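Q: Each chain, letter by letter, is given below.
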Amino acid sequence: MNCFEARQEFPALWRKTLTAARRDDLLAHLKGCEKCDHAFRVFALTAPVLYGEMEQPALRASRPVRREFSLADRPSRFVSPSREVSRLNQWLPMAAAAAIFVFATSAAYLSVRTPNDSIGEALSVPESSMTSDTTGDPLAPEMPLTESDLAS
Amino acid sequence: MSDKPDEELITEVLGGQTDAFTELAARHRPRVERLCRRFFSDEEMARDIAQESFIRAYTALATYRAEMPFGGWLRAIVVNLCYDELRRRRRRPEELVGDFSAPEVQWMQTAHVASPEDLVGEAEERREAYDLAHRLLDTLKPEDRMVMVLKESEDLSVSEIAETLGWSEAKVKIRAFRARQALRKQAERMLAMGRSR
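Chains as they are written, first to last, in numbering that gives the first Met the number 0: chain A, 0 to 151; chain B, 0 to 196.
Hints are computed from structural coordinates only; laboratory data are not their basis. These numbers were taken from a predicted model, which means no experiment stands behind them. Keep in mind that the hints are not guaranteed to be accurate.
Unchecked claim - Distance windows between CB atoms, simulated: (1) 37/A with 156/B: 20 to 30 angstroms; (2) 176/B with 99/A: 40 to 50 angstroms; (3) 88/B with 72/A: 15 to 25 angstroms; (4) 58/B with 4/A: 45 to 55 angstroms; (5) 98/A with 7/B: 14 to 24 angstroms; (6) 180/B with 32/A: 19 to 29 angstroms; (7) 124/B with 89/A: 22 to 32 angstroms; (8) 6/A with 59/B: 23 to 33 angstroms; (9) 97/A with 124/B: 37 to 47 angstroms; (10) 3/B with 34/A: 43 to 53 angstroms; (11) 104/B with 24/A: 28 to 38 angstroms; (12) 79/B with 78/A: 11 to 21 angstroms.
To be verified - Once the Cα atoms are required to be at most 30 angstroms apart in a straight line, the calculated BS3-like pairs of lysine-lysine come out as: (13) 34/A with 3/B; (14) 184/B with 170/B; (15) 170/B with 140/B; (16) 172/B with 15/A; (17) 184/B with 140/B; (18) 30/A with 170/B; (19) 140/B with 30/A; (20) 34/A with 140/B; (21) 30/A with 184/B; (22) 184/B with 172/B; (23) 15/A with 34/A; (24) 140/B with 172/B; (25) 15/A with 30/A.
Think of the CB as a built atom: it goes at the ideal place given N, C-alpha and C, for glycine as much as any other residue.
Model the full assembly from the supplied sequences, consistent with the hints where possible.
A: Here is the structure:
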């Protein structure tokens with residue numbers, strides 16, 4: 000047995016599925032090969048979980064009796080209120096940000112679009128005051144000349 | 000327990016005989032719980048995830064297609080639940096924490112000096128061997144751990160793992176390589192501790 004073959008057999012040795020002859024070959028190889036012996040010790044540290052049958056007496060003793068399947072028997076960790084709260088906590092900042100955005104957008108839009116005066120007040124403004132407002136405005140459209148303007 | 004095939008029990012459940020699922024669950028529970036215990040040392044957690052897996056399988060049973068064995072379909076549910084839980088914990092120490100209990104230290108020393116045969120025999124009887132193995136596996140990233148357990152414990156091929164997790168085969172191979180490297184590194188450190196104490 001060479002080193003490659005020996006290492007391939009580690010899981011089978013742990014699971015006790017090797018034939019007696021193969022097992023003796025492997026153990027003989029481990030005795031004579033320092034590197035493979037070390038590799039087996041490294042392997043043995045995780046083997047109880049990765050390759051074990053998980054039915055060790057030490058585990059069995061602490062294990063409660065198996066239950067029958069029942070839909071009502073849902074584990075609390077999957078329906079716990081704390082999880083619901085934490086899920087809610089994740090959404091709250093996002094909802095608040097969305098609300099602020101909507102409010103700010105609406106405020107900006109209304110400040111631009113809504114007239115300061117009511118329609119009644121706008122109509123009651125005297126014509127003279129309207130013209131005086133526009134005369135100072137360099138961007139206001141030029142009024143067409145009338146006959147009286149030409150006469151003066 | 001009857002010797003009806005899984006598919007027949009599933010047909011019964013879908014036909015309204017919900018008791019048939021109890022039998023289906025009892026049939027698969029040992030394997031499901033064993034798989035969960037490979038991810039979680041906490042027995043209660045492993046049992047809860049197994050139970051939740053059966054509840055999800057029951058509620059999604061109408062989506063099951065008989066082209067694949069029920070066991071494989073159920074395993075995909077279990078594995079994804081375990082993966083979610085590992086990620087949810089977000090506890091990835093990456094490095095081993097050094098506060099080992101006295102029995103754990105003793106096991107490290109045993110792993111350093113005992114004969115290979117004795118190691119196999121003793122590991123079966125010692126809870127600390129199991130706990131220490133979990134501590135080592137806890138140092139892996141959830142993705143790496145998934146691949147490690149499915150490949151080594153469940154003997155799944157790269158393509159089967161990729162299908163179960165919805166990953167590419169390249170990703171599975173990379174994860175498997177990294178997981179082995181990381182695990183070896185940590186186990187070497189642990190053996191060195193056993194030697195020095």
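Q: Are the hints correct? Go through all of them and say.
A: Okay, the hints, checked on the actual structure:
Taken as a hint, the range 20 to 30 angstroms holds for the pair residue 37/A and residue 156/B, whose Cβ atoms sit roughly 29 angstroms apart. Roughly 48 angstroms separates the CB atoms of residue 176/B and residue 99/A, a value that falls within the hinted 40 to 50 angstroms. Roughly 23 angstroms separates the CB atoms of residue 88/B and residue 72/A, a value that falls within the hinted 15 to 25 angstroms. Evaluation of the 45 to 55 angstroms hint for residue 58/B and residue 4/A yields a pass: the beta carbon distance comes to about 47 angstroms.
A beta carbon spacing of about 55 angstroms between residue 98/A and residue 7/B contradicts the range 14 to 24 angstroms that was offered as a hint. Checked against the hint of 19 to 29 angstroms, the C-beta distance between residue 180/B and residue 32/A comes to roughly 22 angstroms, which is consistent with it. Distance hint for residue 124/B and residue 89/A: a CB-CB separation of about 46 angstroms, inconsistent with the stated range 22 to 32 angstroms. Look at residue 6/A against residue 59/B: about 41 angstroms separates their beta carbons, and that is not inside 23 to 33 angstroms.
Take residue 97/A and residue 124/B: their Cβ atoms lie about 59 angstroms apart, and the range 37 to 47 angstroms is violated. For residue 3/B paired with residue 34/A, a C-beta distance near 51 angstroms keeps the hint of 43 to 53 angstroms intact. In this structure the hint that residue 104/B and residue 24/A lie 28 to 38 angstroms apart at CB holds, the actual value being about 33 angstroms. Checked against the hint of 11 to 21 angstroms, the pair residue 79/B and residue 78/A passes, with Cβ atoms roughly 18 angstroms apart.
For a cut-off of 30 angstroms, the pair hint linking residue 34/A to residue 3/B is broken: about 50 angstroms separates their Cα positions. Distance restraint check for residue 184/B and residue 170/B: the Cα-Cα separation of roughly 21 angstroms lies within the 30 angstroms cut-off, and the hinted pair is therefore satisfied. A C-alpha spacing of about 14 angstroms is found between residue 170/B and residue 140/B, which places the hinted pair at or below 30 angstroms, so the restraint holds. Between residue 172/B and residue 15/A, the direct Cα distance comes to roughly 28 angstroms. Compliance with the 30 angstroms bound is thereby established for this hinted pair.
A distance of roughly 14 angstroms separates the Cα atoms of residue 184/B and residue 140/B; the hinted pair therefore holds under the 30 angstroms criterion. With a CA separation close to 37 angstroms, the supplied pair residue 30/A and residue 170/B exceeds the 30 angstroms bound. With a C-alpha separation of about 34 angstroms, the suggested pairing of residue 140/B with residue 30/A is violated against the 30 angstroms cut-off. At roughly 28 angstroms between alpha-carbon atoms, residue 34/A and residue 140/B fall within 30 angstroms of each other, so this suggested pair holds.
Taking the CA atoms of residue 30/A and residue 184/B, the gap is about 23 angstroms. The hint holds against a cut of 30 angstroms. With a C-alpha separation of about 19 angstroms, the suggested pairing of residue 184/B with residue 172/B holds against the 30 angstroms cut-off. Under the criterion of a C-alpha separation no larger than 30 angstroms, the hint pairing residue 15/A with residue 34/A is consistent with the structure, at around 22 angstroms. A distance of roughly 15 angstroms separates the Cα atoms of residue 140/B and residue 172/B; the hinted pair therefore holds under the 30 angstroms criterion.
A distance of roughly 18 angstroms separates the Cα atoms of residue 15/A and residue 30/A; the hinted pair therefore holds under the 30 angstroms criterion.
In summary, the structure is inconsistent with hints 5, 7, 8, 9, 13, 18 and 19 from the numbered list given earlier, while agreeing with the others.
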